[in-house]
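> Take the sequences, apply the hints, and build the full model.
Number of protein chains: 2
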Amino acid sequence: MEINDFIDNLSEWLKGTGPDANIIITSRIRLARNTREFFFPERMDSAQKDRFFERIKKINESTNELKSYGFIDMEGTSYTDRQFLCERHLISRDMLDFSHQNGLLLRRDEVCSIMLCEEDHLRIQAVKSGFCLHKTWEIVEKIEDILAGQLDFAFTPELGYLTSCPTNVGTGLRASCMLHLPGLIMTKKINKILELVAKLSFTTRGFFGEGTQAIGNFFQVSNQVTLGASEIEILNNLSGIIKQIKTRELEAREYMVSKYRVSLEDKIWRALASIKSARIISSEETLSHLSLLRLGIDLGIIRNLDKQLINHLFIMIQPAHLQKVYNKELPHKKRDFVRAKLLREKLKNISL
Amino acid sequence: MEINDFIDNLSEWLKGTGPDANIIITSRIRLARNTREFFFPERMDSAQKDRFFERIKKINESTNELKSYGFIDMEGTSYTDRQFLCERHLISRDMLDFSHQNGLLLRRDEVCSIMLCEEDHLRIQAVKSGFCLHKTWEIVEKIEDILAGQLDFAFTPELGYLTSCPTNVGTGLRASCMLHLPGLIMTKKINKILELVAKLSFTTRGFFGEGTQAIGNFFQVSNQVTLGASEIEILNNLSGIIKQIKTRELEAREYMVSKYRVSLEDKIWRALASIKSARIISSEETLSHLSLLRLGIDLGIIRNLDKQLINHLFIMIQPAHLQKVYNKELPHKKRDFVRAKLLREKLKNISL
Numbered sequence: 001m002e003i004n005d006f007i008d009n010l011s012e013w014l015k016g017t018g019p020d021a022n023i024i025i026t027s028r029i030r031l032a033r034n035t036r037e038f039f040f041p042e043r044m045d046s047a048q049k050d051r052f053f054e055r056i057k058k059i060n061e062s063t064n065e066l067k068s069y070g071f072i073d074m075e076g077t078s079y080t081d082r083q084f085l086c087e088r089h090l091i092s093r094d095m096l097d098f099s100h101q102n103g104l105l106l107r108r109d110e111v112c113s114i115m116l117c118e119e120d121h122l123r124i125q126a127v128k129s130g131f132c133l134h135k136t137w138e139i140v141e142k143i144e145d146i147l148a149g150q151l152d153f154a155f156t157p158e159l160g161y162l163t164s165c166p167t168n169v170g171t172g173l174r175a176s177c178m179l180h181l182p183g184l185i186m187t188k189k190i191n192k193i194l195e196l197v198a199k200l201s202f203t204t205r206g207f208f209g210e211g212t213q214a215i216g217n218f219f220q221v222s223n224q225v226t227l228g229a230s231e232i233e234i235l236n237n238l239s240g241i242i243k244q245i246k247t248r249e250l251e252a253r254e255y256m257v258s259k260y261r262v263s264l265e266d267k268i269w270r271a272l273a274s275i276k277s278a279r280i281i282s283s284e285e286t287l288s289h290l291s292l293l294r295l296g297i298d299l300g301i302i303r304n305l306d307k308q309l310i311n312h313l314f315i316m317i318q319p320a321h322l323q324k325v326y327n328k329e330l331p332h333k334k335r336d337f338v339r340a341k342l343l344r345e346k347l348k349n350i351s352l
Numbered sequence: 001m002e003i004n005d006f007i008d009n010l011s012e013w014l015k016g017t018g019p020d021a022n023i024i025i026t027s028r029i030r031l032a033r034n035t036r037e038f039f040f041p042e043r044m045d046s047a048q049k050d051r052f053f054e055r056i057k058k059i060n061e062s063t064n065e066l067k068s069y070g071f072i073d074m075e076g077t078s079y080t081d082r083q084f085l086c087e088r089h090l091i092s093r094d095m096l097d098f099s100h101q102n103g104l105l106l107r108r109d110e111v112c113s114i115m116l117c118e119e120d121h122l123r124i125q126a127v128k129s130g131f132c133l134h135k136t137w138e139i140v141e142k143i144e145d146i147l148a149g150q151l152d153f154a155f156t157p158e159l160g161y162l163t164s165c166p167t168n169v170g171t172g173l174r175a176s177c178m179l180h181l182p183g184l185i186m187t188k189k190i191n192k193i194l195e196l197v198a199k200l201s202f203t204t205r206g207f208f209g210e211g212t213q214a215i216g217n218f219f220q221v222s223n224q225v226t227l228g229a230s231e232i233e234i235l236n237n238l239s240g241i242i243k244q245i246k247t248r249e250l251e252a253r254e255y256m257v258s259k260y261r262v263s264l265e266d267k268i269w270r271a272l273a274s275i276k277s278a279r280i281i282s283s284e285e286t287l288s289h290l291s292l293l294r295l296g297i298d299l300g301i302i303r304n305l306d307k308q309l310i311n312h313l314f315i316m317i318q319p320a321h322l323q324k325v326y327n328k329e330l331p332h333k334k335r336d337f338v339r340a341k342l343l344r345e346k347l348k349n350i351s352l
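Protein chains in written order, with this note's numbering: chain A, 1 to 352; chain U, 1 to 352.
What the hints contain is simulated information worked out from the structure, not anything from laboratory work. Hints are not guaranteed to be accurate.
What the hints assert, rightly or not - The calculated DSS-like cross-link candidates involving lysine-lysine, where the alpha carbons are at most 30 Å apart (straight line), are: (1) A:K341 x U:K188; (2) U:K57 x U:K246; (3) A:K259 x U:K346.
Claimed, not checked - Beyond 10 Å from chain U on every Cβ pair, some chain A residues (computed): (4) M44; (5) I139; (6) T156; (7) E231; (8) E254; (9) S274.
From a predicted model like this one, the values you see are computed outputs, not experimental measurements. Think of the CB as a built atom: it goes at the ideal place given N, C-alpha and C, for glycine as much as any other residue.
Right under this line is the structure:
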């Protein structure tokens with residue numbers, strides 16, 4: 001599998017066709033699993049990792065459901081390649097920084113992937129467009145089932161599944177939704193919501209996951225607790241809170257439209273104008289404009305602008321993606337130039 | 001003469017056809033004169049002012065060179081009307097605020113006008129596009145000559161012409177140039193220039209004259225001293241300093257283009273985009289964008305955009321002009337909305 005094959009790929013979640021995708025960009029499930037057959041990754045030596053990879057490759061080739069998955073050995077990848085995968089939310093930031101003998105199994109449509117020898121032996125992940133945590137869970141569960149039949153998972157009846165980090169012990173499950181909340185930001189209600197989320201033992205993160213800031217009005221909300229509740233309980237709890245946030249966001253948008261329509265339109269059209277005109281633009285600025293364009297499309301203020309294009313641009317304007325598209329290393333400043341060029345090109349037919 | 005006749009008028013100076021008009025927007029001369037036949041305006045009572053106005057009206061009607069001038073009695077004007085004249089630089093801010101029995105004689109093309117009973121009996125003014133102080137002086141001098149033949153000007157051999165404020169005594173002359181200096185602002189050299197100007201006893205003011213701030217990169221430089229030098233000496237001195245500033249501004253622009261072309265283009269195109277897209281826009285913001293558009297045209301970065309249109313917009317987007325165009329009182333917020341609408345309309349055919 002070639003990483004370059006994915007450059008023009010529109011991941012399933014970027015199509016924005018899932019339920020409530022105007023607010024809930026993605027539903028994402030990640031399951032941590034380890035096998036008793038090997039030390040945990042932290043303690044594995046090179047030879048063990050080789051053996052583990054061989055084992056996984058065999059499963060990959062011999063299992064119907066996994067045959068179509070491509071195998072990427074991170075050892076041979078450049079930083080830009082890994083950054084590219086990270087920008088697509090396919091590998092973690094840890095894996096971006098430490099590529100020493102870990103790998104990725106990846107389904108063509110990017111809905112499902114398995115990180116190998118990251119913190120745990122296996123990190124099975126699925127991501128789908130919109131508000132569909134349970135459906136996404138089913139995808140992960142199916143893969144987990146298949147792998148459980150071939151690998152002896154580390155498990156104790158008292159603790160459940162064992163993981164490298166104690167915060168994942170139990171179900172090994174992390175479920176999250178990426179939310180687009182411009183309404184709550186504009187009405188300054190976001191902090192109250194985030195406090196509530198924290199009180200209920202859920203965590204909020206930025207666009208690029210753990211340790212990243214909220215940019216472009218995007219927030220990831222995920223479960224904190226993996227122990228003492230079943231997978232379905234965790235999903236139900238998260239779904240409940242997401243539903244509440246969705247309602248509040250819709251109310252906030254309605255309020256903005258009814259009370260501040262003109263100033264909202266002003267913000268949205270200016271965002272489009274900036275993107276159509278800039279000669280130099282950072283990714284942070286771009287994300288905040290794209291966020292407003294999304295909102296503009298959702299509210300029917302901007303017409304004739306394809307939301308898939310906007311979704312795609314969220315990823316395309318990231319540093320590694322730009323470098324892949326232009327097929328060369330670009331220093332920071334040059335990227336801001338190339339990003340602006342790409343945006344002008346992509347939006348040239350959209351009139352102000 | 002109806003004030004409304006001027007709404008669509010493009011004052012001569014807005015045509016931008018004068019020498020060096022890319023940097024020196026206007027050359028302006030103002031001459032203060034008083035007649036011995038009346039008390040100075042501060043001490044005139046209503047009956048005296050009536051008599052003075054009658055006297056001026058007669059001169060207006062009977063003198064060939066002044067026949068085409070319209071007479072506007074400020075007493076009957078609304079604040080919006082006076083603000084309209086002030087925005088066109090035809091009356092002073094004092095006359096805007098205190099309209100009690102003063103007036104204006106105005107030439108159709110707005111090159112020449114005479115304020116009546118402002119601080120002095122007569123304030124003869126001429127303004128022309130570009131760097132042409134001496135030519136502008138000739139216009140004022142001619143009118144002064146004509147009036148001197150009919151009114152007995154207050155004059156003493158020791159002091160020269162007497163004026164209400166001692167700062168105008170002597171020649172009664174104020175000469176000024178309005179400069180567009182985006183290059184010196186961007187290269188942060190403007191403060192040094194302004195210090196030099198002050199050291200040489202010249203004064204700097206904003207776009208709307210005395211007591212106003214520099215906005216949109218516009219500066220008015222004028223003589224401070226009116227006593228102890230002849231009119232021509234004053235003009236020569238001012239011309240000398242303007243020439244120097246012009247050279248420095250050209251150097252600054254050249255430097256910006258050679259060193260920071262892309263970021264300059266970025267600023268200029270974004271300015272156009274903001275103006276083409278905004279739904280709410282203040283006059284301050286508009287002026288700073290228009291300033292960049294002027295620069296963009298001067299540098300050949302923006303083509304197909306008529307500089308006269310930009311010049312005209314500098315005036316059209318002012319509060320009173322907007323209210324005249326839309327023929328109603330507009331509160332502050334509504335003006336920002338209407339201004340944005342006007343700008344979008346006027347620039348709709350200019351592509352990014």
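> Decide, hint by hint, whether the structure agrees.
Hint check:
1. Distance hint between K341 of chain A and K188 of chain U is fulfilled; the C-alpha atoms sit about 29 Å from each other, no more than 30 Å.
2. For the proposed pair K57 of chain U and K246 of chain U, the alpha carbon gap of about 41 Å is over 30 Å, so the pair is violated.
3. Between K259 of chain A and K346 of chain U, the direct Cα distance comes to roughly 28 Å. Compliance with the 30 Å bound is thereby established for this hinted pair.
4. Here M44 of chain A stays apart from chain U, with its beta-carbon at least about 49 Å from theirs, past the 10 Å limit.
5. The beta carbon of I139 of chain A is kept farther than 10 Å from every beta carbon of chain U, the shortest such distance being approximately 42 Å.
6. With a least beta-carbon separation of about 60 Å from chain U, T156 of chain A lies farther than 10 Å from that chain, consistent with its non-interface assignment.
7. Separation of E231 of chain A from chain U is adequate, the least Cβ-Cβ distance of about 48 Å exceeding the 10 Å criterion.
8. Separation of E254 of chain A from chain U is adequate, the least Cβ-Cβ distance of about 19 Å exceeding the 10 Å criterion.
9. A beta-carbon of chain U is positioned within 10 Å of the beta-carbon of S274 of chain A; the least distance is around 6 Å.
In this structure, the hints that do not hold are numbers 2, 9, in rising order.
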